[in-house]
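Using the sequences and the hints, build the whole thing.
Residues per chain, in single letters:
There are 2 protein chains.
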Amino acid sequence: MRIVLVGSGNLATRTALALSEAGNPPIQVWSRNAEHAVRLASMLPGATATDRAEELICDADLYLLAVSDHALETVAAALPSTTGIWAHTAGSMPMDALRPYHETIGVFYPLQTFSRERRVDYSSIPIYIEGSDEAVVRLLESVGRLISRDVLRCTSEQRLYLHLAAVFACNFTNHLYALSEQMLAEHGLPPRSLAPLIAETAAKVQEMSATEAQTGPAKRDDTNTLQKHLGLLDPYPDWQEIYRMLSDSIRKMYGPKE
Amino acid sequence: MRIVLVGSGNLATRTALALSEAGNPPIQVWSRNAEHAVRLASMLPGATATDRAEELICDADLYLLAVSDHALETVAAALPSTTGIWAHTAGSMPMDALRPYHETIGVFYPLQTFSRERRVDYSSIPIYIEGSDEAVVRLLESVGRLISRDVLRCTSEQRLYLHLAAVFACNFTNHLYALSEQMLAEHGLPPRSLAPLIAETAAKVQEMSATEAQTGPAKRDDTNTLQKHLGLLDPYPDWQEIYRMLSDSIRKMYGPKE
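Protein chains in written order, with full-length UniProt numbering: chain A, 1 to 258; chain B, 1 to 258.
These are calculated hints, taken from the structure and not from any lab test. Hints are not guaranteed to be accurate.
As the list claims (entries may be wrong) - Below are the SDA-like pairs computed for lysine to any residue, each with C-alpha atoms no more than 25 Å apart in a straight line:
# : chain 1 : residue 1 : chain 2 : residue 2
1 : B       : Lys219    : A       : Trp239
2 : B       : Lys228    : B       : Ser209
3 : B       : Lys252    : A       : Glu157
4 : A       : Lys252    : B       : Asn10
5 : A       : Lys219    : B       : Gly9
6 : A       : Lys252    : B       : Lys219
7 : B       : Lys219    : A       : Ala185
8 : B       : Lys228    : A       : Glu157
Structure, rendered in structure tokens:
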């Protein structure tokens, strides 16, 4: 399978390295940032790098557009006409975002949070596939199975909600970790004090539903503790408002139904 | 060490079992719920159970009051006079909550989320210790070290903030998992779709700070995606408000400083 990778960010890098480990590295890396393209290509046996549209290999089987959601259409518009399939990796973009630029299109969406410095076990990442026809879906599924045990189909509409749910379960939870780190720092407590708690909270929902796993003063409707916490947050009105809103949401979920 | 356990909930149960595995099971379990007391005591070699104050063993070294924060004072008031140390396990209660009821007092606060059905590795749970004098602190530290690698001292005031930070990092993040599960269910997506993402998000902050680990549209200030998500949440005004508030908080943390 001749794959051209368009992009050189975290997701592009992790996906290219996983394909390479599976014995099918991209044959070319195209990026608007020439230096990034060269750096990534140097890690992929046999791959070339370019930042120029006219140097793009035009007869590959698959062009994987691994660029950020907001850059997708600009990048697609900049690519020359090619053979093969164009598939993007952008959670919040419909497949049809590629429609004006190419005929045979699809989506290849690995649902994970990627950081440049951190290795992830790609084989456990679910990859969500969509294609403009069944042959595209089959080809993207076969590429997905090279690097993951968990390749699934979903529609553009489902993917929107998947991405939205991921923002809650990943980006927002990480922000709550960040707020808790600030609280620890401001009160002379070691920054890793909550690490075992964070690990256990995430481990629990690998086995049970989050509604079963819920604990804490809002779940118990322990108004004494809730009031005490709101008082402690008086000097931090933004955090106080977050506390109030999430506690109300928990009480609504578990409290007596009206 | 002769320990009497007061309480029979999740924290009491996990702590008693850990003490038992360490070769020092509580010698008695007292609980307002007689059935729970009997069930827990039956798992502890040599332990008796009671729900009656007059049957409490009165010459133990340590009375561990492992009851919920809001029940603590009622339970302490119901106990007869004894020798030894009284220590409570309630994150949001100051040590001095026990002062009206006993002289030699302390706090033994294992910072973790406990569920009845789920085993936890107690040895990795940090235990925060406080005592009315240095001898109490030393005794509680030695009990803590029987079951955990991580025994620390903190003041009542620090523990308040620790507990508050734990609500953000555990109870609120679990609630965000619960909201994301509801979104998946409403759009025909498998309930475990986000499990690898949740695991990775928590694993990242075991190694780096949460501010370094932050990703997502709010961090990138990707207003297109933010607007799209807010639109999807139109039918769910509570979730929309949570989305808006947490995204604003993220943008404030990472955006250009005023």
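Against the 25 Å threshold, does the CA-CA distance of Lys228 of chain B and Glu157 of chain A hold or violate the hint? holds (12 Å)
If you draw a straight line from the CA of Lys219 of chain A to the CA of Gly9 of chain B, is it 25 Å or shorter? holds (15 Å)
Is it true that the CA of Lys252 of chain A sits at most 25 Å from the CA of Lys219 of chain B? Roughly 29 Å between the alpha carbons, so the hint for Lys252 of chain A and Lys219 of chain B is violated.
If you draw a straight line from the CA of Lys228 of chain B to the CA of Ser209 of chain B, is it 25 Å or shorter? violated (29 Å)
Restraint status (C-alpha distance of Lys219 of chain B to Ala185 of chain A at most 25 Å): Distance of about 22 Å is within 25 Å: holds.
Proposed proximity, Asn10 of chain B with Lys252 of chain A (alpha carbon, max 25 Å): holds (24 Å)
Measure nothing beyond the straight line between the CA atoms of Lys252 of chain B and Glu157 of chain A; if it is 25 Å or shorter, mark the hint as holding. violated (30 Å)
Check the hint pairing Lys219 of chain B with Trp239 of chain A against an upper bound of 25 Å on the C-alpha distance. holds (18 Å)
Hint compliance for this structure: hints 2, 3, 6 are not met, and every other hint is.
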